Structures are given as structure tokens and as C-alpha cells.
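Asker: Construct all of the structure, not just a fragment, from the sequences and the given hints.
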Amino acid sequence: MHNFDFVKPSTIAEAVAALSHEGAQALSGGQTLIPTMKQRLAAPATLVSLTGIAEMQGVCLGDGGLHIGAATPHATVAREAKAHYPALAKLAGGIGDPAVRNKGTVGGSLANNDPAACYPSAVLASGATIVTNTRTIAADDYFQGMFTTALHDGEIITSVVFPIPEKAAYVKFDQPASRFALTGVFVAKYAGGVRVAVTGASQDGVFRWHEAEAALSANFSPAAVSGLAMESRHMIADLHGTPAYRANLVKVLTSRAVAAAG
Amino acid sequence: MPKDGGIGASTKRREDVRFLTGKGRYTDDINIRGQLYAHFIRSQVAHGTIRKIDTRDAEAMPGVVKVFTSADFTGVGGIPTGWQVTSRDGQPMLEPKHPVLAEGKVRHVGDPIAVVVAETLDQARDAAEAVEIDIDELPAVVDMKAAVKGGPLVHDEIGSNLCYDWGFVEENKAAVDEAFKKAAHVTTLDLVNNRLIANPMEPRVAVGDYEDHSGQHTLYTTSQNPHVIRLLMGAFVLAIPEHKLRVVAPDVGGGFGSKIYHYAEEAFVTKAAQILKRPVKWTSSRSEAFISDAQGRDHLTRIQLALDADHNFTALRCETYANMGAYLSTFAPCIPTWLHGTLLAGNYKTPLVYTNVKAVFTNTVPVDAYRGAGRPEATFQLERVIDMAARELGVSPVELRRKNFIQPDQFPYQTPVAVVYDTGNYQATLDKLLDLSDHAGFEARAAESKARGKLRGFGLAHYIEACGIAPSNLVGQLGARAGLYESATVRVNATGSITVFTGSHSHGQGHETTFAQVISEMIGIDASQVDIVHGDTSNSPMGMGTYGSRSLAVGGSAMVKATNKIINKAKKIAAHLMEASEADIELKGGKFTVAGTDKEKSWVDITLAAYVPHNYPLESMEPGLEETAFYDPSNFTYPAGAYGCEVEVDPDTGKVTILSFTAADDFGNVVNPMIVAGQVHGGLAQGIGQAMLENCVFDENGQLLSGSFMDYAMPRADDVPFYSVDHSCATPCTHNPLGVKGCGEAGAIGSPPAVVNAVLDALHRGGFTHVTHIDMPVSPSRVWQAMHG
Amino acid sequence: MTKVSMTVNGRTVSGEAEGRTLLSSFLREGLGMTGTHIGCDTSQCGACVVHVNGQAVKSCTVFVQDVAGSDVRTIEGMANADGSLSVIQQAFQDHHGLQCGFCTPGMVMSAAALLKENPTPTESEVRHYLEGNICRCTGYHNIVKAVLAASGQDVSKIAAE
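Protein chains in written order, with my numbering: chain A, 1 to 262; chain B, 1 to 789; chain C, 1 to 161.
Worth double-checking, as some hints may not be accurate.
[Stated by the list, open to error] Below are the DSS-like pairs computed for lysine-lysine, each with C-alpha atoms no more than 30 Å apart in a straight line:
| no. | chain 1 | residue 1 | chain 2 | residue 2 |
| --- | --- | --- | --- | --- |
| 1 | C | LYS3 | A | LYS8 |
| 2 | B | LYS23 | C | LYS3 |
| 3 | C | LYS157 | B | LYS655 |
| 4 | B | LYS23 | C | LYS116 |
| 5 | C | LYS116 | B | LYS12 |
| 6 | B | LYS454 | A | LYS251 |
| 7 | B | LYS569 | B | LYS588 |
| 8 | A | LYS90 | B | LYS655 |
| 9 | A | LYS167 | B | LYS454 |
| 10 | A | LYS251 | B | LYS655 |
| 11 | B | LYS145 | B | LYS181 |
| 12 | B | LYS454 | C | LYS157 |
| 13 | A | LYS90 | B | LYS454 |
| 14 | A | LYS251 | B | LYS450 |
Since the hints were derived computationally from the structure, they do not count as laboratory data.
No experiment lies behind these values; they were computed from the predicted model shown.
Answerer: Here it is in C-alpha cells:
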């Protein structure tokens with residue numbers, strides 16, 4: 001990979017300052033970024049590690065739900081969110097593999113917005129709030145297509161606030177090689193209705209399945225989605241699945257997620 | 001009672017201690033003072049004309065010593081091919097030049113164009129971006145049928161993409177066609193044997209070193225056969241005589257065929273070290289391995305089985321297109337021919353077999369042997385078409401096979417495809433398999449799955465493998481440009497310990513342990529007194545290395561032969577010391593005795609006498625106790641077995657789960673059951689990988705779509721079950737001294753059709769009777785499409 | 001170049017590193033500790049797994065400057081103090097849990113991390129935990145068996161020699 005200067009600030013303010021320099025890029029675990037840099041597909045002049053910032057670490061209950069520091073590794077979320085939001089903890093515990101989960105972070109995953117990443121589905125289905133160094137962004141406004149988000153250059157996600165649902169479950173169907181989601185569905189039932197978010201399937205990245213939300217809000221049962229049609233037009237076609245296959249998975253996994261949510 | 005040492009004991013592996021403590025010494029662990037680092041610049045297009053390579057800016061960059069192109073390799077030979085196949089019309093195959101670095105044209109993604117050599121690897125990589133390469137892209141040819149029907153030429157100078165058009169057995173063709181006309185039933189199956197990437201966990205590495213004052217070259221390389229590399233590279237590429245070229249393959253992290261071949265990078269570092277007068281090291285990244293290691297399989301086949309009214313197989317007819325990739329790798333031509341056509345009789349007494357194989361050049365990475373090599377392709381088509389025939393006829397696939405087996409009293413059995421099976425008992429392995437897999441309880445298990453909404457299926461496959469390919473004079477007639485013997489030097493030291501230098505190479509097989517077990521058994525000394533040395537051309541006799549399940553059957557036999565020479569000489573010394581007749585000397589438990597007396601000499605008495613020959617028949621015998629033997633087998637060995645797979649299919653997602661896998665193998669005699677079982681386990685995972693997960697795919701422009709572990713699905717621990725393996729149905733090989741058969745490839749040969757047959761069985765039981773075949777890998781998407789598409 | 005110090009297998013070490021120097025390169029080239037292996041470049045194979053502050057990480061996907069000052073443990077530090085094989089290492093030898101040995105360091109390090117988190121895992125838990133460690137030789141049978149044996153569970157019922 002290309003060489004760069006490595007800095008590891010200990011406060012958000014220092015990180016923001018470091019990222020204001022030309023060619024600076026944030027590193028938040030690096031489990032996706034480092035392989036990309038090895039292929040010389042990313043060449044930052046300065047890499048700003050966010051994992052040494054104490055105020056961006058940790059899982060705790062607070063206003064609006066469960067607050068997760070953006071630099072919290074998946075393994076920590078899997079462990080510490082379990083008592084408060086088990087579906088989210090399960091999702092975190094199924095990302096990558098144990099060694100990856102010890103380094104990869106929620107903030108890194110959301111900033112990258114890989115169309116097959118798990119976290120975006122939880123954020124979108126939970127109607128979570130992305131907190132950055134300058135503002136808060138509603139989940140519905142945050143995801144703007146694959147690898148594209150509402151973040152500005154130099155803006156850092158500092159935490160994510162997940163409203164805690166009455167019931168929820170995430171069901172992931174592994175892409176057999178990468179173990180990313182070939183398709184993953186997160187279903188969350190709140191007093192105000194059900195939200196369903198789908199990752200891995202669409203060319204536009206994570207999306208909400210509104211028809212399923214309406215059907216499940218009326219009748220929260222696996223059978224409620226059986227009559228729905230899922231368009232395959234915008235689904236991803238690759239070695240591992242056709243658009244029609246992914247569309248089928250969306251239905252099957254949604255139904256299974258509802259069953260798992262109980 | 002299991003033995004605790006010698007032949008038949010599950011002796012723990014001595015090599016494990018260094019591997020478990022981080023003290024293995026792999027090629028990438030070798031760093032020579034002053035070494036430089038090579039980075040290969042490879043083609044990003046599958047086909048193109050090189051217009052310009054400008055290295056000036058790169059050569060001015062920090063740390064760069066030199067940027068090499070093909071201009072630096074004029075006068076150097078091409079990478080040679082080790083086997084020549086003759087076409088049906090009697091013409092030799094087309095054999096285009098395979099330059100070390102691309103000359104004028106690039107022919108596949110990954111074809112090396114230039115090499116930056118610098119003080120550090122990062123400097124070499126940084127400078128590579130400054131090498132200006134101008135390529136006019138040409139249309140690529142990827143599809144084999146298109147390639148032979150007038151697609152773009154991969155090699156303009158040979159005028160065709162058809163490397164050879166081979167018929168076997170050509171003399172039987174008319175009789176086979178006639179048998180098909182008379183058949184009561186014909187089953188036809190079109191299938192793809194998917195291209196695979198061997199992916200040993202250790203990527204390839206090569207370090208070249210050169211001693212200016214003596215002209216001595218040393219190449220450290222990740223090879224399964226260092227002597228073969230020395231011969232091919234020395235004689236054909238770089239014109240270095242063997243005494244000036246040492247090739248060392250230290251600990252090697254798996255090979256599975258992909259480290260048999262002589263590769264351009266080995267020749268490059270060897271030559272570059274001479275030019276630059278400094279050691280040069282190249283370490284492949286995994287991404288680079290995906291486009292530079294020879295790949296495996298990639299056949300398109302139509303197979304037809306003819307049966308009479310009683311369901312006897314009367315003839316088999318196959319047509320295969322075999323992908324060679326852009327260049328002929330070392331043994332590529334023989335894989336779809338002699339290692340494939342000769343196995344098409346399988347376990348069956350089919351009287352007539354004809355196969356036509358068209359080998360095709362395409363703008364893809366070269367293809368060569370990968371675990372099993374030709375034999376998995378033969379087994380897959382045969383075992384699939386038999387299952388399909390059984391389904392069409394409404395008979396049990398188990399009984400259809402049983403009915404057509406070669407019977408135990410028919411051995412030795414001359415097949416219609418040239419080879420003679422020495423021993424076997426296919427009924428026995430089938431019965432063992434049905435017992436071990438609780439076939440009787442299958443229907444109850446299927447009902448239980450059905451109650452959970454899942455489809456359960458059982459798949460059976462039989463295989464036979466011809467391994468330890470031989471004898472040399474025959475393979476020479478068939479086109480081999482090498483002998484296929486093996487060698488060993490057994491050096492008995494003065495105080496009785498033994499060092500064995502073998503031409504076999506261990507890269508995971510555990511020879512250091514098993515070969516010592518054999519010597520220990522033969523002489524009656526503790527295995528700790530025996531060391532096995534391999535992998536260095538400077539200390540071992542010319543050997544052919546390890547591939548094709550040959551090490552114990554061929555290399556072990558050479559060692560036995562040399563040890564017998566040692567024992568014979570030792571007996572002469574013992575006879576002299578005990579003033580007895582040589583014929584009366586017996587060796588047992590490390591002691592020499594004279595029959596009918598209480599005279600006795602220990603092993604060490606004899607070895608000391610050999611090296612301190614004060615009381616010694618010097619007039620009739622040389623001192624010392626060291627012997628070398630070369631063993632050239634009179635026939636292949638023929639391991640065979642029955643494999644059974646039980647799967648469950650999720651009808652909603654198409655996901656296949658392997659619930660159990662049972663293997664009943666006949667490997668003849670077994671030296672170390674633990675290691676043999678381990679070899680089967682590994683082969684099974686690779687076969688299951690081929691059947692369910694692995695797929696090397698190029699798009700129509702020749703770009704590799706499965707270019708990393710992110711898209712090429714390697715079997716993981718949670719993809720496979722515990723296996724049940726058995727090798728108690730042994731019919732020992734009759735023509736090698738240990739009575740052993742090869743075991744290294746069996747698992748990868750027999751398992752793919754068992755898995756696919758099981759999936760098809762599950763679908764049929766679930767009512768999806770319109771599905772007659774699914775090409776590998778039977779991924780969830782493909783299974784679902786087959787069911788619902 | 002920046003000077004980086006850390007503890008490796010209980011010993012304080014330091015060396016020069018660029019921004020791009022990975023922990024795996026620092027160990028292999030900087031410190032000459034070649035037990036940690038590199039089997040891929042996409043963070044998939046796990047041959048490079050080491051422990052950083054007690055947690056398994058893929059050392060090829062960590063910049064060394066990011067873990068400066070950490071406590072690192074590698075395969076070279078896994079044997080008992082007297083040099084004999086540790087329980088996990090011994091179980092791998094006893095149950096033939098390795099063949100070519102290349103993935104083995106990462107397997108042992110992941111197995112150790114698993115048994116620390118979960119001292120008596122089920123077969124399924126072992127298989128799932130090892131999904132980030134690819135072995136091409138063993139078919140995993142004897143690796144899973146070795147890990148179960150290292151956890152003190154009876155593996156005598158598991159098939160094969």
C-alpha cells in the first residue's frame with residue numbers, strides 16, 4: 001500500500017482537526033479499509049485512527065435508547081448490548097469472524113455503508129440516530145445508496161442512538177465466500193409500527209421494505225408477508241445470487257425474522 | 001490392540017512440534033543478507049498487444065535497482081511442458097512458447113509483463129506504478145467452444161486454439177457407436193466440471209541466490225518437487241547445469257498440485273540474482289496467487305451411458321472440452337487425457353469406452369493438475385450418469401452399481417481403457433459404507449427432516465483412482481518427458497542411527513513420521529533413530545517429488561528397496577563377525593542372530609563394524625553402510641472406495657447442509673492410520689468445496705470475477721461435518737513391497753458426485769422431479785433456481 | 001519512520017515503522033518472528049491471528065502504530081514455560097489437527113481465544129468460532145476434535161483414528 005502518516009488522537013476535537021488536512025482519512029477498525037489500501041484502491045496522506053478516543057467507546061442506555069460509541073468494536077456490542085437490545089447484539093456477534101469483531105466498529109461500518117454490511121439494516125430498521133461531531137442525522141436520511149452517506153468530508157460519527165423496540169430480530173443469509181450478507185433482514189416492532197430494513201440485496205444499498213412494514217404493523221406474524229411481492233428489478237446480480245434469488249431471500253428472511261422476534 | 005510403533009501404528013507426527021511453536025521454516029521465512037525484493041507487474045487485461053513499456057521513471061525511484069522486461073530475457077528459454085499428447089490424426093499437440101515475461105502480447109489477466117526489483121518490497125510496489133505500459137486490448141476468448149470455432153487466437157503463431165484432439169481408445173470408437181445403436185437405454189448428461197483454485201494456505205515464494213566466484217545458483221522455492229524444478233529450469237529455461245544449481249523446497253505449506261509446476265517467477269529470481277549479483281526474493285500475495293498459480297479442472301463434458309435390457313452397462317461415450325488456459329503448464333496436457341480417459345471404466349465392467357478430449361487455449365490463467373487431476377473429472381461424470389440412469393430406469397442407484405461392479409474374482413482386471421487393476425473389492429466397500437452410514441435408517445431420518453419442512457437426500461459415489469503413475473518406459477511412450485520413478489538414499493551412521501534422503505517431498509503429508517515408521521519396522525530399531533531428509537537437491541538423489549498420491553507407493557518403495565540392500569549387506573557383515581553362513585543370519589528386533597544358535601550381534605555392532613572395519617571382509621566387501629535405490633513401479637496403484645453423503649435442502653432458500661459424510665476406502669496396507677484418515681478428511685473437504693462452494697469464474701472479457709477469498713468460497717469449519725472414514729476393506733497392492741495404495745487424492749475424487757447425487761435425491765424426494773442435474777457448485781442460488789426457476 | 005514499542009510474549013521490544021507497517025510485518029520482518037503467517041490480503045484466512053491485549057486480531061489488518069504499547073502474544077509465546085507444548089498445542093499434535101502447518105499458528109491462537117471466552121464449547125460453537133481461520137489440509141475434522149479435547153471434553157466417540 002501507499003505510505004501515509006499515522007496519527008491516533010485521544011479526543012474528538014483532535015481527530016476533527018487532524019481530518020481537516022488535505023488527504024486525511026479516518027480509520028475506525030480498518031477491517032475493510034486496510035484490505036482496500038492493500039489493493040492501492042485508497043491512498044490517504046494521513047490516516048487518523050479513531051479507536052483511541054475514549055468518548056467514542058462504550059454501550060449504555062440513555063436518552064432515546066441505547067447509545068453506542070462509534071468506535072466500539074462489534075465484539076463489545078455483542079457482549080454489552082445483549083441485555084438491552086438482543087437482536088442488535090446478535091447482529092454484531094455475527095459480523096465477520098471473532099478476530100474481525102475485535103477490531104471492526106459500528107462507526108466504521110456505517111461510514112463505509114457497504115451494501116452487504118449488517119449494521120445499516122439495524123440502524124435503518126431501528127430508526128436510529130447517527131450522531132456526528134456537528135449534528136444528528138436520522139437513519140432515513142443517512143443512507144444514500146451503496147458506499148454513499150450523508151456524511152460530509154471530515155465529519156466523524158461519534159455515536160449511534162438506537163431506540164429499543166418491543167420485539168426485533170435480524171436474519172442473515174451468508175454470502176458463502178465473504179460471509180457478508182448475501183441478504184439480511186432486520187425487523188423491529190415499535191409501539192408506532194414495524195420497520196423492516198434489508199441489506200445485501202439491492203443495488204441501492206440498505207432499504208426499507210414499506211409493504212412489509214404495513215402488513216406487519218397490521219399483523220405481526222410470519223404469514224403476513226407471504227402474500228407480498230418483492231420486485232427483483234433493483235436487486236444485485238453476482239456470482240452468488242441472481243436478482244430473483246435475492247428477492248426470494250428478502251421474503252423468506254423477513255418471515256423468519258418475524259418468527260424469530262416472537 | 002493398536003501398535004505403538006512401526007507399520008500400522010498411529011504414531012504422532014514429529015514435524016508437528018516445530019509447526020505448533022512457530023518454528024517451521026517456510027520459504028518466506030528465508031531472508032538472505034543483502035536480498036532485494038521483486039514485484040511483478042501483471043497484465044490487467046486478458047488479451048492485448050504490448051505497444052510500449054517505459055521503465056525510466058520507475059528506475060529513478062528510491063530503492064529501485066532495476067526494472068526487468070522480456071528484453072532482459074532474450075536468449076532464455078520458455079517455460080517447458082512436461083508431457084506431449086498426440087492427436088487423433090497422429091499429429092503432436094500444438095505447443096506455443098511460454099516466455100518468462102510476456103513478449104509482445106499478454107494472454108491472460110495476471111500474465112507477467114515487467115518486474116521491479118528494489119531494496120524493499122514497498123519501494124518495488126511504489127515504483128511499479130511509475131512503469132508506463134501501453135497495451136492495445138484485443139478481444140479475449142474465454143468460452144472453449146467459441147475458441148475452437150474461430151474465436152480470437154490466443155497464440156497467433158500456432159494458428160489454432162485447439163491444442164489437441166485426442167481419442168481414446170480410438171480403435172474402439174466404431175464398436176462403441178455400434179453398442180449405442182443396440183442399447184436398450186441410453187442416458188445422456190451434459191455437465192460442467194467447475195474450474196477451481198488450489199489455494200494452499202501458503203502462497204508461492206521464490207528466493208534466488210547466486211555465488212559469483214563459483215557460478216553456483218540456489219533457488220529456494222515452494223515446490224512439491226525440487227529436483228523436477230532443477231531439471232526443467234536448468235536444462236530448458238536458464239541453461240544452468242545441475243551441478244551449479246541447487247533447488248531447496250523447505251517446509252512447504254500445502255500444494256495440492258499447484259506447487260508441482262515450474263513457474264516463471266522461479267526462473268526470474270534465479271536469473272535476476274545472477275544479473276544483479278544479489279539475492280532476489282518474490283513472495284506472492286493471495287490476490288496474485290489467484291491470477292498466477294495454475295488452476296484446476298474446467299471441463300465441459302457430454303457423457304452417455306448405454307445399457308442393455310437387463311441394465312448391464314454396455315458402453316460409455318464421452319466428449320470433453322478441457323481448458324488449458326493461455327499457456328501449457330508443466331503437466332497440463334496429460335490431465336484430461338491419460339489421467340482422465342484411463343479412469344472411465346470406474347468400478348464397472350463396462351466393456352466398451354470411448355472418449356474424445358479437445359484441449360483448448362483461452363485467455364485465462366493456465367490450468368493443470370489439482371488434487372485428483374483428471375480422475376475427479378472422470379469420476380464425477382461417470383457417477384452422475386449412473387445415478388441419472390438409475391432414476392430414468394426407476395431402479396436403485398445402489399443396486400445398479402452393484403450389478404455392474406467388476407467382481408472380486410476378476411482381478412487382475414484388464415479394463416477397456418488400457419489400465420490393469422491389480423486388486424479390489426468394490427462390493428466390500430459398498431457394504432461397509434451402507435453399514436457405517438446407517439443406510440437402513442435413512443428413510444426414518446428423511447421423514448424426520450420432512451416433518452421440519454426440509455428435504456433429506458442420500459448420495460452414493462464409487463471411485464477408482466490410478467495413482468503412482470508408472471512405469472517410466474510406458475509413460476514415455478504416452479508422451480511424458482520425465483521418468484516417474486522415485487529415489488532414496490539410506491545412510492546408516494556408525495553408531496546405528498539412520499538418515500534417509502528421499503526424493504519424495506512432504507508438504508503436509510507427514511513423511512518425516514511415516515517413512516521413519518517403515519524403517520523402524522524393517523530394522524527393528526526405534527523410529528527416533530531415523531531421520532527423514534527431503535526437499536534439497538544438494539543432498540538427496542534425483543527424485544520426482546510428491547503428487548498423484550505417489551509418495552509411499554513409489555518413494556516408500558524406493559526407501560524399502562534401499563533398506564533391503566542395507567539389510568543384505570548388514571547380514572554379510574554379521575555372518576563374518578559371527579563366523580556363520582549368510583543364509584543363516586536373521587534380523588529381528590534390531591538383533592542379528594544365527595539360526596539354531598544363541599549367537600547374537602546388535603544392530604550397532606554391525607554398523608560400527610561397517611565404519612570401523614578392523615574385523616571386516618575388506619577383500620570381498622566395501623566398508624560403510626549406505627545405499628541408494630531407484631524404484632520404478634510396474635503398474636499404478638488402484639485405491640478405490642464407496643462414498644456416501646447425506647444432505648438436507650432448505651426448499652425456501654436452496655441451502656444445502658451436509659449432515660454426514662462417510663468414506664469407505666481401500667488403500668491396501670496402511671502405515672499410519674491417523675495420517676491416512678487425515679488425508680481423506682482433507683480430500684473430502686476439497687471435494688465438498690468443489691461440489692458446494694468453490695467456483696473460479698472469468699467474465700466474457702477474461703476478467704476473474706472470483707479473485708479473492710471474498711468471492712471464491714473456501715470451505716470453512718462450519719461448512720463441513722465430522723466425517724466417518726474407514727479403510728478396513730483392504731486389498732493390498734500386489735506389485736509394491738509394502739502393498740500400499742495412494743491415499744492423498746481419494747477424498748477429493750469420490751466426494752463431489754456423492755454430494756451432488758445427494759442433493760438431486762433430496763429434490764426428487766421433495767417432488768422436484770423435473771431437476772435432472774445441477775452444475776457444481778450446488779450453491780443455494782443454483783439449487784433454488786433449479787427448483788423454482 | 002516512527003519508533004514503536006510493545007510487549008511481545010512478555011518481552012519489551014521496539015522497532016522502526018512506517019505508517020503503513022502492519023503488525024504482521026513488524027513481527028515477521030522487524031522482529032524476525034516468522035511464526036505468524038500471511039495467507040491472504042483480504043482479512044479472511046486467519047493465518048496471521050495473534051492476541052493484542054488478550055484479544056484475537058488479524059495482525060495483517062492492524063497497523064503496528066495503532067497497537068503501539070500493547071501486550072502482544074504470538075504462536076512463539078504459546079508453549080509452556082519449560083518449552084513443552086501447551087494443552088492446546090499438545091491436543092493439536094495428539095489429534096493430528098495439522099498437516100502442512102501453515103494455518104496452524106492462527107488456528108492455535110484462535111482456539112486459545114475461544115477457550116478463554118468459552119471453556120467448554122460445543123462442536124458447533126468451535127466450528128462457528130473458527131470461521132475466520134481457513135485450513136486447506138485437514139478438512140477441519142481433527143482441528144475441531146483437538147479444540148474439543150483441549151477443553152477437556154471426551155472426544156473418543158468422534159470417528160476415525
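Asker: Now, for every hint given, state plainly whether the structure supports it.
Answerer: Do the hints match the structure? See the list:
Of the supplied pair hints, the one linking LYS3 (chain C) and LYS8 (chain A) holds, its CA atoms being roughly 14 Å apart against a limit of 30 Å. A threshold of 30 Å between alpha carbons decides the hint, and for LYS23 (chain B) with LYS3 (chain C) the separation of about 27 Å falls inside it, so the pair holds. A C-alpha spacing of about 29 Å is found between LYS157 (chain C) and LYS655 (chain B), which places the hinted pair at or below 30 Å, so the restraint holds. Using a Cα cut-off of 30 Å, the hinted pair LYS23 (chain B) and LYS116 (chain C) holds, with the two alpha carbons roughly 24 Å apart.
At roughly 27 Å between alpha-carbon atoms, LYS116 (chain C) and LYS12 (chain B) fall within 30 Å of each other, so this suggested pair holds. At most 30 Å may separate the alpha-carbon atoms for a hinted pair to count; LYS454 (chain B) and LYS251 (chain A) meet this at roughly 18 Å. The straight-line distance between the Cα atoms of LYS569 (chain B) and LYS588 (chain B) is roughly 15 Å, inside the 30 Å bound, and the hint therefore holds. For the given pair, LYS90 (chain A) sits about 21 Å from LYS655 (chain B) by alpha-carbon distance, which is consistent with the 30 Å threshold.
For the hint pairing LYS167 (chain A) with LYS454 (chain B), the CA-to-CA distance comes to about 27 Å; that is within 30 Å, so the pair holds. For the hint pairing LYS251 (chain A) with LYS655 (chain B), the CA-to-CA distance comes to about 15 Å; that is within 30 Å, so the pair holds. This hinted pair checks out: LYS145 (chain B) and LYS181 (chain B) have alpha carbons roughly 27 Å apart, not beyond 30 Å. For the proposed pair LYS454 (chain B) and LYS157 (chain C), the alpha carbon gap of about 27 Å is at most 30 Å, so the pair holds.
Proposed proximity of LYS90 (chain A) and LYS454 (chain B) is supported: the alpha carbons are some 25 Å apart, at most 30 Å. Using a Cα cut-off of 30 Å, the hinted pair LYS251 (chain A) and LYS450 (chain B) holds, with the two alpha carbons roughly 22 Å apart.
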